[in-house]
Amino acid sequence: MSNDQELRQFVSMWEELTSDKIIRRGGQANPTCQLCRTENESPNHKVADCSFSKMVWLILAQKLNLQMLNQNKTSTRIKEWWTAMNGQGDDTRRTQLVIYAVWDIWKERCRRVFDNKAQTPAQVASIIQQDIFLYDMAQGNVHVNI
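Residue numbers for the sequence shown follow the working numbering, beginning at 12 and rising by one.
It is possible that part of the hints are untrue.
Stated by the list, open to error - With a cut-off of at most 25 angstroms between alpha-carbon atoms, the simulated DSS-like pairs for lysine-lysine come out as follows: (1) LYS118 <-> LYS65; (2) LYS128 <-> LYS32; (3) LYS118 <-> LYS128.
To be verified - Here are the computed distance ranges between Cβ atoms for each label pair: (4) ALA129 <-> ASN152: 31 to 39 angstroms; (5) GLN39 <-> ARG122: 13 to 21 angstroms; (6) TRP117 <-> GLN73: 18 to 26 angstroms; (7) ASP147 <-> ARG35: 18 to 26 angstroms; (8) ASN152 <-> GLY37: 43 to 51 angstroms; (9) ASN127 <-> GLN20: 24 to 32 angstroms.
Simulated from the structure, these hints should not be mistaken for lab results.
A virtual CB, placed ideally from N, CA and C, is assigned to each residue, including glycine.
Work out the full structure: start from the sequences and follow the hints.
What follows is the structure, encoded as structure tokens:
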């Protein structure tokens with residue numbers, strides 16, 4: 012899958028899955044971000060501006076020794092954020108990390124909304140690492156000695 016295809020799919024899905032969209036369509040939802048509980052939820056806020064998400068990105072960058080997870084800049088559009096996180100090249104590994112991180116941040120948001128349970132940013136970062144390890148193992152990229 013090309014970066015352009017991944018980006019279009021990501022933006023399309025991510026922009027639909029926020030409380031601001033649900034409210035605009037007449038649904039009921041709490042507009043406050045369930046991760047930081049300080050600002051209204053929006054596509055950009057969930058992944059780029061939320062203090063909880065920023066902490067997850069920081070922990071991942073430290074654990075994996077990555078310079079690419081620069082969350083100091085606030086993006087006004089999800090496409091700008093995606094490009095900044097993935098860079099201009101075709102780095103499948105980096106794209107995989109961003110996708111798993113966004114997915115697990117989304118799952119943490121849902122855990123808080125629907126299950127009334129919460130994990131710390133460090134726990135979410137560990138889940139992201141586990142998900143990538145399990146994917147690699149399933150693909151035969153990791154060999155486990157028993």
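Practice task
For ASN152 and GLY37, compare the CB-CB distance with the range 43 to 51 angstroms and indicate the outcome.
Solution key: 46 angstroms, holds
Handout entry: Assessment of proposed distance window 24 to 32 angstroms (beta carbons of ASN127, GLN20)
Key = 30 angstroms, holds
Problem - Pairwise beta carbon distance, ALA129 to ASN152, judged against the given window 31 to 39 angstroms - result: 32 angstroms, holds
Practice task
Look at the Cβ atoms of TRP117 and GLN73 and judge whether their distance stays inside 18 to 26 angstroms.
Solution key: 22 angstroms, holds
Exercise for the section: For the pair supplied as a hint, LYS118 and LYS65, confirm whether the alpha-carbon distance does not exceed 25 angstroms. Expected result: OK: LYS118 and LYS65 at ~16 angstroms, within 25 angstroms.
Handout entry: Consistency of beta-carbon spacing, ARG122 to GLN39, with hint 13 to 21 angstroms
Key = 19 angstroms, holds
Exercise for the section: Starting from the hint 18 to 26 angstroms, judge whether the C-beta atoms of ASP147 and ARG35 obey it. Expected result: 39 angstroms, violated
Problem - Restraint check for LYS128 with LYS32, where alpha carbons must lie at most 25 angstroms apart - result: 24 angstroms, holds
Handout entry: Straight-line alpha-carbon gap LYS118 to LYS128, limit 25 angstroms
Key = Distance ~11 angstroms between LYS118 and LYS128 Cα, so the pair holds.
When each numbered hint is compared with the structure, a violation occurs for hint 7 only.
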